[in-house]
Each structure stands twice: as C-alpha cells, then as structure tokens.
Amino acid sequence: MKHRARLLSIVVVVITAVPLGFAGSQEFKPSKQIEAVVHTRPGGGSDLLARAIAELLQKEKLISQRMQVVNKPGGGPAVAIFYLAEKKGETHTIGFFTGVWVTNPLTTAEATVTVKDLTPIVRLVLEPAVIAVKADSPYKNMKDFIDAAKKSPKQLAQSGGTITSRDNLMRLLIQKATGAQWNFISFPSGGERLSNLLGGHVQMMVIEPQEAGEQIRAGNLRVIASLTEKRLASLPHVPTIKEQGIDVPLIPQARGVVAPPGVSREVVQYWEGVFDRFEKTATWKQYLEQNQFEEGYLKGPPLSKFFDDLTVQMRDVLKEAGAKVLR
Amino acid sequence: MDALGNLLLGFSVALTPVNLFWCLVGVVLGTVVGVLPGLGPAATIAMLLPLTLKMDHTTAIIALAGIFYGARYGGSTTSILLNIPGESSSVVTCLDGYQMARQGRAGAALGISAISSFIAGTVGVLGLMLIAPPLARFALRFAPPEYFALMVLGLAMVVFLAGESMVKALLAMLVGLWIASIGTDLFTAESRFTFGQMKLLGGVDFIAATVGIFAIGEVLVNLESRGGAEIFKLSKGLRNLFPTLQDLKDCRFAFLNGSVIGFLIGALPGAGATVASFLSYGLEKAVSRHPEKFGTGVIEGVAAPEGANNADAGGALVPLLTLGIPGGNTTAILLGGLILWGYKPGPLLIQEHPELFWGLVASMYIGNVLLLVLNLPLVPLFAQILRLPYYVLYPLIIGISIVGVYSVNNSPFDVWMMGLFGLLGYLMRKLDFPAAALILGMVLGDGLERALRQSLMMSQGDILILATRPISGTLLFIAATILCLPAIRKVRFWRVAAVEREG
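In order, the protein sequence lines correspond to chains W and G. Residue numbering for the first sequence follows our numbering, beginning at 161 and increasing consecutively. Residue numbering for the second sequence follows our numbering, beginning at 882 and increasing consecutively.
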C-alpha cells in the first residue's frame, strides 16, 4: 500500500510538473542571489530604500532568492551606473536609480555611460519636497521670503546638495520666475544641511516631508510651500508653490529599478511581475506612508518616455543654471 | 535627580537577560568587525538591519549600537600589531602603537588601548546622558566658518607630526591635501585630477591609501633590511603583557584629553572620529614633557587617540537622538533603522520614548564594561602573533591588507591603489618624510576646502567672516599660536645659548 501511495504521488508530481516545466523554460526565475546596486554609502537614501525593499520582497515571498544590497559610491551615481553597464546581460543584478542618475551624466565628462544605456524596469516612488524655514524666522509664506530676497539680493542662503541636485534646480527655477536672488550652499550630508538651517546659518531649505516632519512637530521648522501639484496629505494647511502664484515646473525626485544593458525581455517581465504584485501589498503602502513618499509606479514605454522627458527637461534647467552640459 | 531615576529605568531595561545577551552579541561583533580592516561598522549594521525587524526595538538598537562602539575597541589591534589601520579612526594609533610593538611592548599598547577606550567610552556615555540636549544646541552654532577654523586647528597639528624637518612635513601635508581634492567637486559636480578615470570620481579611498602607506610601506622597508627576523623584540615572561602602573600614571592626561576631545568633536555632525583622534594626539604631544619622543612608541600616543575615537561614539549619538540628525554613515543607518522600526527620530524622541533612549544609555555602560572584560584577556593572545617568523608574518600582513581593502567597496581598483600608496609609503620612509603629515592632509583636506568655500558663499566672498565670529576666531587664534610654537622654542633656545655664552 505504502509503495503504491508513493508511486501515485510521483505520478501526480510528474503530471503537475510537466506543464510548469514547459512554462519555466520560457520564463526567467532567479536561480541565485540577486545583487542590488546602489550609488550611496550605507545609510544613504538609495541604500535605505533598497534594503527596505529587499526585506519587504522577501517578507511578501515575492522573490525566492536573497537580495543583497551592494554599495558602489563615487562620482555621484557614475561609479554605480558604470558598474551596471559592465554587467551587460547579467540577469541577477539590478540597480536602484534616482533622479541624479539622469542629471549627473549630463555634466560629468567621465560618466561615459548614462542611464539610457541601462534597461529600465520600474519607477517606484516620487519623493515630494517642501520648502522649510526656521520656525522663528519672519517668513510665513513664499511671498515673505521672496520679498526679503528681493530687498537684499544674495544675502539670504539656502542649504542643499550639489548644484545639479533638485534643491538647486528648484531654486534656479523659482529665481527665474520671481526675479529674486539668494545663495545656494552645498553640504555633502542631509544632516549638515538641516543643522545649518536649525542653527540659523542659512534661511531656507528644500527638504523631504519625512525629514522635516519631526522638526515641524517639535516646533523647530515651518513649511512655507510644498513643491507638489496637490497639497500633501500630511501637511494639508501648507499651500503648494503654484497656489502662491509662482508658476514653475516641478522637478520630480524619482526612485526606481533598472537592470544592466542587454538583458532579455523575460528578465524584464519577471521583475515587472514582481513589482506589479509588490506595489499592491499593504506593507509597501505602509512603507510609502511612513516615509511620506508618493506612489509613482510606472513601467514599460511610459517609463522610457519619463526618462527621455526628464533628460530634456534637466538639460534645459542645467543650462539655465550655468552648468556645462556635455551631452 | 531626574537623570538618576531615568537611568534606573534604563538599567531595568538594559539588564533584562535578552537585552544583556544582545548587548554582548553586539559588542563582540563590533570588536571582530573593528579588528578586521576594511569591513566597517556601517556596512555591518546595514547588513544586519533586516534581522532586527522581528526584535524588540530597544533590544535592536542596543545590539546595533554595540557594533558601533565595539568596532572602535577593535580598531586598534591591527594598527598596533601589524601597522594596518583597522578603522580610519585608528590610523593615528599606528604611529606610536606599532613602534611600541616593535619594542616588545605590544601587550602594554593593546592593554592601554582597551583601558583608554573603556574610560573614554564611559565618559562619552556620561556626556550623552547628562548634557546631550544643551550640547546639541551648542553644536548647531557650528557653521562653515567654525568648521573651517576647526580644520585649520587640525592642520596646525602638523607641527607636532613633523620629525626632523618641518619643510618635509609641510610638503607631505600639502601632498595629502592634494590627494584629498581628487574626485568630484561637491559644489560644481565637476571632476578634478581624475585623469579620465571613472574609478577616481569618488576620490581616493582613505582606507586603501592608509593601509598602503602604513602596512605595505613598512613591509617593503623591512624586506630590504634583510635581517627581518629581528623586527620585533619579544617580551619575556608576563611583565610586558599588560600596562604597568607607571604607564597608567603617564596616561592620566591622555584619558581626559581623549574623552573630552572625542566627545565634543563627535557631537559635531560635520567632523568625525578620525579628526578627533588626530586632534587629541596633537594636544597630547603639545602638553607632553617629552614631545620629541612621540612617534617612537610612547604610551600616551596610543591612549589619547584610542580614547578619542571611543568617546566620539557617544558624542555621535547626541545629534542623532536629540535632533534626529545623523553625523556620519553609521549613525545614518541607525536613523534608517529607527524609521524602519516605526519611530520618528527627531527632537521629541527622548521625551516620547524614554525607555529607548535610557535603555540604550544604560546598555552602553554595560557594553563598555563587557568590552573591557572581553578585550583584556585577548591582549596576550593577540600579542602572540608577533612570535610568527617574518616569512609568515609578511605574507599575513599583505594578505590581511588586500582582503581588508578589497572588502570596503569590493573593488580591485582599490587594491591597486593600495599597492601604489605602499610604494609611496616606502619612498617616504626612505627619504624621511613623515607619513602622518600626509595622512593629516588627506583627512582634513576635504572638509577644509568645503568649509572655506561654504563660508565665502555665506559672506559674499568676504574673508573676514572666518575671523570675526567668536568660535571660529578663537579656534584660529589657537591654531596660529600652535604654528608659532616651533619658532618660539627656537628663540628661547637661542636666548638660553646666548646667556650661557655670556655666563
């Protein structure tokens, strides 16, 4: 009896496995550890996002293999992009891009590989931004700040990242739209940008709502405008910059996933499938809410178009900024 | 005594068997990570972060913080024994620590490093407990001009790192400053001195450069001097396995100096443990009665920087926990962890989650005791490594260096850079250029340039902004005084000589 039961089970397994086996020969499925490349050091924005997603994907059992985050810092995103490009056709490597992956190669001579050379998979989030001032500063809204900046040109200052960062590009766009002028001071880490604002050494900062949230609650910061199309759910009383009469194009800070060049359609479809399901999970929604990200899910041709449009827009804005645009 | 009540709450949290166990796991892991060059606490914590999701949050931060400060204990081991800086904050420890090892005093050096780490680490926690909020507010007064002055003060320490020739020290420092400028310019996003090399866009890796200059350079020099077997004098018996009472007395000031400098610098988001260790080494030499002996194996030269980099760990948690501002890579990951666990790190964290903050503080007292108890018995064990014959020891040093440097970024390019810097280190030893001065330039160059340019942007190009602000003015004055020291000493020397001639 026992013997027959086993035989039966083998037959059942074979019967059910056959169709799956055929499907498997066409579909891609990771067979070893997946390498997820980020351009920041441990603790940077991309690093934290990648590690959280790696964890959540495993928690939701959407991937069968471990996902290992690999840090490739250097030259903004240049070293990471180059590393991915070198992995041409590699099916077990992905990278987490951000907006700088588009802007940086435009101005860096050494960055001979651009994000266009990689294979887009999905865009996952859009990171909104707000304009914050110190809570005890006299600026209650954009008008106050712009008027003060007009009164004493180049006396006020904003802290931020590099000149190709969204912080500075937004400044240039607002300056152009209003005619006001103020300084931009680069700091390498978000911590220094914020502590210089809290210390009163600079007057304004473009900041992610999540980073500003606790400072607002503690009464250290005041948000005077959101750089979004609609008001933020977390800051319903803060008007958008357009509501305040400053009509500037909004630069999206996008984050998402790319693969090396030359990977097959099957690999792309596999990852699209994984993220299609991931995007709908409650854990992901909760993560978005915790970090006050906006859902920015995009794939396929619309994603390619997004990259193209962003490249064109950035080229114009960078030229406007006086940066040397090389490609 | 509110703090006392809170601390009791903290100990009640930290002393539960589970938390005690994870504190031990954290500090042991930290020590291991610190001993291995390359793999740092930041990468380790990042890797372990997912495992903590299922843990109690206080337990998780106790374990992760244990890795953070535990690594500072372990960093000195390879610096002292093999001249391989285990962490970037242990580079200075090579200067006197390795010389002590060569004189058969490896045990004393390792022992004092553990003791100093314990004292300063504990002072750091005390500071975190007692003065975190006011210190964080004070640290906010540091704007670019203040950072510039701090970096200049650091550079002035070159006076104390110079050997025979001040000119050679200054030249080496300038080369260090130049190396620091390689890479992508933060302000313009343009690349500098990269020679078209994509791999240089991120700059020269600090670990690769220091391991090359110190460890590889040393091996090359020793290979040449044929009698390689005689490099280490071996101590006989138990006498030299631990620091003597006299050693402890000699280090009294170093303990204090390391604790205070490390903690204060640690609380500044833009400085870091490496800067703190250099500053405390310089200060130690400045007040020493025998400054000329520094670099030849004085025990204070180990105690001060090792204390500083441990007190820094306490200091670095000040802006993180009181303001939600991370000062460096490792604290940035801890911040990420706090968010992942559902906390909102910021100015209200301590108030709203006292068990988290005070549990962590209490666990750090315990962790420091654990580290001391753990590290002291290891000292004689580690010191045995020097008994190895040189034909085993040299390949071992080179092997550890390669693996360590590779593991930082998984980059073969960094290993080549290490080799290149090894040759540079060899040449510098041959021509009697002080390697420490070059490293000083590398450590401070980036921050110095950045702070200067930021200051000038703030002031519309008015250079007076650097001198007219109270904190930066004071720091610059001290720096100027230090730079004048050699000249003053010389004048005094002439006067004494003249008086003697007349007499």
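If you are wondering where the hints come from, they were derived from the structure by calculation, not from laboratory data. Quick reminder that beta carbons are idealized off the backbone N, C-alpha and C, glycines included. Among the hints, erroneous ones may be present.
What the hints assert, rightly or not - Some chain G residues well away from chain W (every beta-carbon gap over 10 Å; in silico):
#, residue
1, Arg1022
2, Glu1045
3, Lys1080
4, Thr1211
5, Pro1258
6, Phe1263
7, Gly1300
8, Leu1301
9, Met1338
10, Thr1355
11, Val1380
Said to hold, decoys possible - Capping the alpha-carbon separation at 25 Å, the derived lysine-lysine pairs in BS3-like fashion look like this:
#, chain 1, residue 1, chain 2, residue 2
12, W, Lys221, G, Lys935
13, W, Lys402, W, Lys294
14, G, Lys1225, W, Lys294
15, W, Lys276, W, Lys310
16, W, Lys221, W, Lys445
17, W, Lys445, G, Lys1225
18, W, Lys300, W, Lys310
19, G, Lys1371, W, Lys219
20, G, Lys1174, G, Lys935
21, W, Lys303, W, Lys336
22, W, Lys314, W, Lys300
23, W, Lys294, W, Lys314
24, W, Lys248, W, Lys484
25, W, Lys465, W, Lys390
26, G, Lys935, W, Lys219
27, G, Lys1371, W, Lys445
28, W, Lys189, W, Lys440
29, W, Lys445, W, Lys336
30, W, Lys440, G, Lys1174
31, W, Lys276, W, Lys248
32, W, Lys303, W, Lys402
To be verified - Here are some of the chain W residues that sit facing chain G, going by a computed Cβ distance under 10 Å:
#, residue
33, Lys232
34, Ala337
35, Thr338
36, Ser349
37, Gly351
38, Val362
Cross-check of the supplied hints:
In this structure arginine 1022(G) is not separated from chain W by more than 10 Å, as the shortest Cβ-Cβ distance comes to only about 6 Å. At roughly 37 Å, the least C-beta separation between glutamate 1045(G) and chain W is larger than 10 Å, which holds for a residue marked as non-interface. A Cβ of chain W approaches the Cβ of lysine 1080(G) within 10 Å, the least distance being about 7 Å, so the stated non-interface status is violated. Not every C-beta of chain W lies more than 10 Å from that of threonine 1211(G), the closest at about 7 Å, which undercuts listing it as non-interface.
Consistency note on proline 1258(G): stated as away from chain W, and its beta-carbon is indeed over 10 Å from all of that chain's, at 32 Å minimum. The beta carbon of phenylalanine 1263(G) sits about 28 Å from the closest Cβ of chain W, which is more than 10 Å, so the claim that it is off the interface holds. The beta carbon of glycine 1300(G) is kept farther than 10 Å from every beta carbon of chain W, the shortest such distance being approximately 19 Å. Every CB of chain W lies more than 10 Å from the CB of leucine 1301(G), the least distance being 17 Å, so the non-interface label holds.
Distance check on methionine 1338(G): its Cβ comes as close as 5 Å (rounded) to a Cβ of chain W, failing to clear the 10 Å threshold; non-interface status is violated. With a minimum CB-CB distance of about 17 Å to chain W, threonine 1355(G) clears the 10 Å threshold, and the non-interface call stands. Under the 10 Å C-beta cut-off, the non-interface status given to valine 1380(G) relative to chain W holds; the minimum distance is some 51 Å. As the CA atoms of lysine 221(W) and lysine 935(G) are separated by approximately 16 Å, the hinted pair is consistent with the 25 Å bound.
In summary, the hint linking lysine 402(W) to lysine 294(W) is supported, as the alpha carbons are separated by about 22 Å, within the 25 Å threshold. Of the pairs offered as hints, the one joining lysine 1225(G) and lysine 294(W) holds, with about 20 Å between alpha carbons and a cut-off of 25 Å not exceeded. Between lysine 276(W) and lysine 310(W) the CA atoms are separated by roughly 40 Å; this puts the pair beyond 25 Å, and the hint is violated. At most 25 Å may separate the alpha-carbon atoms for a hinted pair to count; lysine 221(W) and lysine 445(W) meet this at roughly 16 Å.
With a CA separation close to 18 Å, the supplied pair lysine 445(W) and lysine 1225(G) stays within the 25 Å bound. Restraint check for lysine 300(W) and lysine 310(W): satisfied, since their Cα atoms lie roughly 16 Å apart, inside the 25 Å limit. In summary, the hint linking lysine 1371(G) to lysine 219(W) is not supported, as the alpha carbons are separated by about 69 Å, beyond the 25 Å threshold. Distance hint between lysine 1174(G) and lysine 935(G) is unfulfilled; the C-alpha atoms sit about 53 Å from each other, more than 25 Å.
Of the pairs offered as hints, the one joining lysine 303(W) and lysine 336(W) holds, with about 15 Å between alpha carbons and a cut-off of 25 Å not exceeded. As the CA atoms of lysine 314(W) and lysine 300(W) are separated by approximately 20 Å, the hinted pair is consistent with the 25 Å bound. With a C-alpha separation of about 18 Å, the suggested pairing of lysine 294(W) with lysine 314(W) holds against the 25 Å cut-off. For the hint pairing lysine 248(W) with lysine 484(W), the CA-to-CA distance comes to about 29 Å; that exceeds 25 Å, so the pair is violated.
Between lysine 465(W) and lysine 390(W) the alpha-carbon distance is near 23 Å, which keeps this suggested pair within the 25 Å criterion. Pair hint lysine 935(G) plus lysine 219(W) holds up; C-alpha atoms about 11 Å apart against a cutoff of 25 Å. A C-alpha spacing of about 70 Å is found between lysine 1371(G) and lysine 445(W), which places the hinted pair above 25 Å, so the restraint is violated. Between the alpha carbons of lysine 189(W) and lysine 440(W) the distance comes to roughly 21 Å, so the proposed pair stays at or under 25 Å and holds.
A hinted pair counts as satisfied when its Cα atoms are at most 25 Å apart, and lysine 445(W) with lysine 336(W) does not qualify at roughly 37 Å. With a C-alpha separation of about 67 Å, the suggested pairing of lysine 440(W) with lysine 1174(G) is violated against the 25 Å cut-off. Using a Cα cut-off of 25 Å, the hinted pair lysine 276(W) and lysine 248(W) holds, with the two alpha carbons roughly 13 Å apart. About 12 Å separates the Cα atoms of lysine 303(W) and lysine 402(W), which keeps this hinted pair within 25 Å; it holds.
Using the Cβ-Cβ criterion of 10 Å, the hint placing lysine 232(W) at the interface with chain G is satisfied: the shortest such distance is roughly 7 Å. Proximity of alanine 337(W) to chain G is violated relative to the hint, the smallest CB-CB distance being about 23 Å (cut-off 10 Å). The interface hint given for threonine 338(W) is violated, since its Cβ lies 20 Å from the closest Cβ of chain G, which is over the 10 Å cut-off. Evaluation of the serine 349(W) hint against chain G yields a held restraint, the C-beta minimum of about 7 Å falling below 10 Å.
Among the interface hints, the one on glycine 351(W) holds; its C-beta lies about 4 Å from the nearest C-beta in chain G, closer than the 10 Å criterion. For valine 362(W), the suggested interface contact is upheld, since its CB lies about 8 Å from the closest CB of chain G, less than 10 Å.
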